[in-house]
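Construct the complete structure from the given sequences, taking the supplied hints into account.
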Amino acid sequence: MAPAHLRGGLNMMFQLATTLGIFSANMINYGTQKIKPWGWRLSLGLVAAPALLMTVGGFLLPETPNSLIERGHVEEGRRVLELIRGTTDVDAEFTDMAEASELANTIKHPFRNILERRNRPQLVMAVCMPAFQILTGINSILFYAPVLFQSMGFGASWSLYSSMLTGAVLLFSTLISIATVDRLGRRKLLISGGILMIICQVIVAAILGVEFGSDKHLSRGCSTAVVFVICLFMLAFGWSWGPLGWTVPSEIFPLETRSAGQSITVAVNLFFTFVIAQAFLSLLCVFKYAIFIFFAGWIAVMTGFVYVFLPETKGVPIEEMVLLWSKHRFWKNIMPAMPTMPLEDGWGPGDGRGDSDLAGADCNVHK
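Residues in the sequence shown are numbered from 27 upward in steps of one, following the numbering used here.
No wet-lab data here; the hints were simulated from the structure.
Where hints are given, some of them may not hold.
As the list claims (entries may be wrong) - No more than 35 Å apart at the CA atoms, straight line, and that leaves these computed lysine-lysine pairs for DSBU-like:
1. LYS353 - LYS134
2. LYS214 - LYS62
3. LYS214 - LYS353
4. LYS134 - LYS314
5. LYS60 - LYS314
6. LYS314 - LYS62
7. LYS214 - LYS60
See below:
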């Protein structure tokens with residue numbers, strides 16, 4: 027539903043709501059832990075409030091133009107599109123949607139279709155982006171922050187306070203990403219965030235290794251430094267892999283495989299969330315401070331992956347996204363040959379380095 031030039035920021039509202047929920051939950055946990063002995067029951071029971079809001083809100087969600095057109099409600103789809111855009115001059119966009127919907131309706135088995143060679147780049151991104159997002163170690167910090175901080179020598183109350191602080195930083199950094207993603211692009215945020223996260227993980231590992239390796243005690247100064255660096259890590263994650271781990275997979279699939287692609291993205295995310303959540307405490311006991319080096323290694327891999335394999339998607343209409351892959355320096359060798367026709371000015375796949383800039387290219391299959 028979002029126009030191409032605002033799509034990144036609007037898609038990130040999902041992550042903003044998530045980080046707001048995390049921060050709120052941390053505040054509630056910090057407040058209810060002082061209520062003895064039933065405060066934990068109150069904290070657990072309050073999850074019913076957002077669950078109720080989600081249930082009621084589900085009945086109020088509007089249909090999207092793409093969904094209406096795909097189900098044969100063409101005029102209603104155009105009316106909703108005009109309402110969203112605030113203008114009746116939507117002929118070009120509506121035509122693209124209609125053509126994409128017509129193609130989507132010919133696909134009877136989207137999960138089989140997504141395995142085809144022409145959809146290989148999108149499938150790789152649908153698997154790798156959510157997997158890498160979890161392998162940053164973010165959920166380990168969010169799920170086990172109190173345990174993690176207590177293992178560093180913090181008291182129970184201070185551990186919950188530190189969790190609340192990191193949640194606030196994550197919320198703030200998501201706002202930074204929303205404000206900059208459609209100006210700076212996805213690649214710059216992902217790569218810069220990845221580099222800073224690597225530095226933060228290595229610093230935390232070094233501090234814990236030196237301090238715990240000597241007298242098994244973390245001084246107050248080192249404890250403060252660890253919390254500060256973890257907040258920097260949360261800041262970097264919040265402007266990069268946090269929101270963009272969802273945004274990029276949501277905007278790269280053509281209409282005919284979008285539902286299958288999004289299903290795969292969510293399934294992979296939940297699978298790795300489960301695996302890391304179950305394995306983290308055991309890994310912490312085995313690796314100790316080196317657990318941060320373990321995650322830093324994965325962040326290095328994913329940062330290199332973005333640099334080599336992910337083209338810039340900023341400002342590219344979803345209906346034209348396939349052209350990015352056909353012109354990318356790596357994926358063009360995987361994609362089947364495409365028709366060559368003039369491309370309208372305004373965007374382009376380039377070589378995957380920096381902003382999209384296709385003005386003057388000659389590969390628009392819709393025109």
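Outcome of the hint check:
no. : hint            : in the structure
1   : LYS353 - LYS134 : 28 Å, holds
2   : LYS214 - LYS62  : 48 Å, violated
3   : LYS214 - LYS353 : 20 Å, holds
4   : LYS134 - LYS314 : 50 Å, violated
5   : LYS60 - LYS314  : 30 Å, holds
6   : LYS314 - LYS62  : 32 Å, holds
7   : LYS214 - LYS60  : 43 Å, violated
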